[in-house]
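Which chain is which? The protein sequence lines are U and X, in order.
Take 1 as the starting number for the first sequence in our numbering and just add one per residue.
Take 1 as the starting number for the second sequence in our numbering and just add one per residue.
The reader is advised that the hints may include incorrect statements.
[To be verified] Label pairs and their in silico Cβ distance ranges: (1) X:178 / U:18: 56 to 64 angstroms; (2) X:283 / U:143: 44 to 52 angstroms; (3) X:277 / U:141: 32 to 40 angstroms; (4) U:280 / X:52: 20 to 28 angstroms; (5) U:91 / X:191: 49 to 57 angstroms; (6) X:263 / U:32: 38 to 46 angstroms; (7) X:191 / U:281: 42 to 50 angstroms; (8) U:145 / X:133: 57 to 65 angstroms; (9) X:263 / U:192: 40 to 48 angstroms; (10) U:317 / X:122: 47 to 55 angstroms; (11) X:282 / U:196: 21 to 29 angstroms.
[Stated by the list, open to error] Covered stretches of chain U (in silico footprint by chain X; criterion: 3 or more residues with CB under 8 angstroms from a CB of chain X, positions within the stretch not fixed): (12) 47-60; (13) 93-103; (14) 123-135; (15) 240-253; (16) 282-293.
No wet-lab data here; the hints were simulated from the structure.
The beta carbon of each residue, even a glycine, is placed where N, CA and C say it ideally should be.
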Amino acid sequence: MTMARSYWLPIGAGIAMMLLPLLLTNPYALSVVVLALLYSYLSLSWNLIGGIGGQLSLGHAAYFGIGAYTSTVLFTELGISPWFGMIAGAGLASVAAVVIGMPCFRLRGAYYALATLAAAMILMVLVENTNDFLGGPRGLDVRLLHDAPLSFQHTDKRFYYYIILAFVVCALLINAWALRSRFGYYLTAIRNDHEAAAALGVDAQRFKLIAAVASAAMTAVGGTFYAQYVLFIAPEKVFGSHLSVQIAVICIVGGRGTLWGPVLGAFLLLPAEDLARTLTGGTPGVTMMLYGLLLMVVMRFEPRGIIVLMERALAEWNRWKGKTARMGKGVA
Amino acid sequence: MASILQALFDGIASGAIYGIIALGLSLQFGVMKIINFAHGSFLMIAMYLSYVAANSLGLHLLAAIPVVVAVLYVVGLAAQRWLIEPVYMKESTREPISVLIFTTGLWIFLDNLFLVIAGPDYRTPDSDWATGIFIVGDVILTYPQVAGLIIAVLVTVALVAFMRFTRLGRAIRATGQDREAANVLGIDSASVYRTSFAIGLAVLGVSGPLLLASYPVDPFIGDLFGLRAFIVVVLGGIGSIGGALAGGLLVGLIESLGAQFLPITYSQALIFGVFLAVLYFRPQGLFGMERA
Chain U
1 MTMARSYWLP IGAGIAMMLL PLLLTNPYAL SVVVLALLYS YLSLSWNLIG GIGGQLSLGH
61 AAYFGIGAYT STVLFTELGI SPWFGMIAGA GLASVAAVVI GMPCFRLRGA YYALATLAAA
121 MILMVLVENT NDFLGGPRGL DVRLLHDAPL SFQHTDKRFY YYIILAFVVC ALLINAWALR
181 SRFGYYLTAI RNDHEAAAAL GVDAQRFKLI AAVASAAMTA VGGTFYAQYV LFIAPEKVFG
241 SHLSVQIAVI CIVGGRGTLW GPVLGAFLLL PAEDLARTLT GGTPGVTMML YGLLLMVVMR
301 FEPRGIIVLM ERALAEWNRW KGKTARMGKG VA
Chain X
1 MASILQALFD GIASGAIYGI IALGLSLQFG VMKIINFAHG SFLMIAMYLS YVAANSLGLH
61 LLAAIPVVVA VLYVVGLAAQ RWLIEPVYMK ESTREPISVL IFTTGLWIFL DNLFLVIAGP
121 DYRTPDSDWA TGIFIVGDVI LTYPQVAGLI IAVLVTVALV AFMRFTRLGR AIRATGQDRE
181 AANVLGIDSA SVYRTSFAIG LAVLGVSGPL LLASYPVDPF IGDLFGLRAF IVVVLGGIGS
241 IGGALAGGLL VGLIESLGAQ FLPITYSQAL IFGVFLAVLY FRPQGLFGME RA
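Whole structure, please, built from the sequences with the hints as guidance.
Here it is as structure tokens:
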């Protein structure tokens, strides 16, 4: 019975999401949902290494930026479709993840967070100083073809909606697999007790590296999506620490290491960010202050994230419902 | 030749400041086994305090040092007592990731709080002293550079002596080595953590006025110097006090000498490369110095 219910919810949500664009005729509303889906996808990618793997990354923008720049340069300079550029970007991001991860995963603690933070910052500075080749600080425009789905472009924004929805579904499936497979159990064991896992013969370094590479490749794919959706990329936007922090905070606040936490986080935080921006008349700094504050509050009171609170509330409600149902039948 | 000599001196001078910034971070790590990601934000606060001391109170930047140090000590006590301690004490492992995440939140919060309060403008102190220079041969030494160098050495020596010879210093080291054993011997670890965190920030406070003499302050100044401090700490060996100064000098030298041969942005990448290489080959740090 409980099994059936746990399947009905995602299927129902999936059908609702498939039909949603029919209702959302307002382009602004659609763009908010696309953005929330993009961040869900990025947070789900982050979750593989940051949540399930327990390795805090504060530089996922590095992989995102690599994805965005690789596909855009290949498309604009060589005319290669971004669908292929996306795969190339994922490959490059995987290489970067290995270079950053190799030295860090033999160690524990803050090293990985430091290395990822530094990597993103340095990539941004390097790209900003390339003058002409990568567009420098001004960024790059993606060549406009209007309605060209084979080149990952369309004037109808619903095109992007379905693509990112499919990406989110893939990311959910990957996360679900990771959480229930031997691979995921190894990662959890490493996260919970490194020494004990190593003593049982789990090759901690290898598993962390695999998770980091998968996470980086997925994030790069998100970078290509962003480039094609916005049709313009700039170093500050795609490599900036702002983005790295957002991805991590959404996952942590939603519930790191859980399947639905990242999605919950994105659909809570992005509208909240929008609201805060509107209420304060766009004062710079307010939205990021909110992110920092939320992170502190969550770590202080419920480090496992908001999803735990919701599960608890749901269980409470079910118990209450069960009780009233029994009372109704007069069995109590 | 003259420019190499100048670069050498500039590297040592800025490296000394990086060393002071990294000292507090290294001390905190040595004792509590946490990396405080908000370190750069506290530096930013120290610089704003120095700015207020210099421009509103009319203090000399050197005279502002004790004021900033005192304020940061109190800030450190409060931050540890009411912010970090509740999260830290919930953690069972000795290398707590939730404190790491918590201080990341604190870092983002503080930076953006100051963006809202103080605005994005760069601020420079009104100080003739900051622009004063000595000329030795072909090399130009600014007053703040010379002062920074002397103070960095003094602070490092004082901190090492404090840790080694005072009762409190020994209690701090004992707690860092083995918290349970120190507890058994009657050391109150919570109070030791508060004191060490506060001392870490007080030492950081020393660098506020010195840094402000050469760099204008803005809400995100801490990001750059904070990140560099982390790299310095890793090069010097996490938890090592002498290593922090040595690591600072090394980073300063790589930066300024690298800039002689490479565009300035690549010397940043160079430092990062050195950082990754050290993590890979010598994660205990380059210098085998005494641990806090």
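Hints, one by one, checked against the model:
1. The given range of 56 to 64 angstroms is respected by residue 178 of chain X and residue 18 of chain U, whose C-beta atoms sit roughly 58 angstroms from each other.
2. Distance hint check for residue 283 of chain X and residue 143 of chain U: the Cβ-Cβ separation is about 45 angstroms, which falls inside the suggested range of 44 to 52 angstroms.
3. A beta carbon spacing of about 37 angstroms between residue 277 of chain X and residue 141 of chain U agrees with the range 32 to 40 angstroms that was offered as a hint.
4. Between residue 280 of chain U and residue 52 of chain X the C-beta distance comes to about 25 angstroms, which sits within the given range of 20 to 28 angstroms.
5. The hint said 49 to 57 angstroms for the Cβ distance between residue 91 of chain U and residue 191 of chain X, and at roughly 53 angstroms that hint holds.
6. Taken as a hint, the range 38 to 46 angstroms holds for the pair residue 263 of chain X and residue 32 of chain U, whose Cβ atoms sit roughly 41 angstroms apart.
7. In this structure the supplied range 42 to 50 angstroms holds for residue 191 of chain X paired with residue 281 of chain U, their Cβ-Cβ distance being about 45 angstroms.
8. Distance hint for residue 145 of chain U and residue 133 of chain X: a CB-CB separation of about 59 angstroms, consistent with the stated range 57 to 65 angstroms.
9. At about 45 angstroms, the CB distance of residue 263 of chain X to residue 192 of chain U agrees with the hint of 40 to 48 angstroms.
10. Taken as a hint, the range 47 to 55 angstroms holds for the pair residue 317 of chain U and residue 122 of chain X, whose Cβ atoms sit roughly 53 angstroms apart.
11. Between residue 282 of chain X and residue 196 of chain U the C-beta distance comes to about 27 angstroms, which sits within the given range of 21 to 29 angstroms.
12. With 3 residues carrying a beta carbon less than 8 angstroms from a beta carbon of chain X, the region 47-60 of chain U meets the three-residue requirement, and the given coverage holds.
13. As drawn, the region 93-103 of chain U meets chain X at 4 residues by the rule of a beta-carbon pair under 8 angstroms; at three or more, the given contact holds.
14. With 4 residues having a Cβ less than 8 angstroms from any Cβ of chain X, the region 123-135 of chain U passes the three-residue criterion, so the hint holds.
15. Interface restraint, the region 240-253 of chain U with chain X: holds (5 residues with C-beta to C-beta distance below 8 angstroms; minimum three).
16. Closer than 8 angstroms: that is the beta-carbon criterion, and the region 282-293 of chain U has 9 residues meeting it against chain X, so the requirement of 3 holds.
In this structure, every one of the numbered hints holds.
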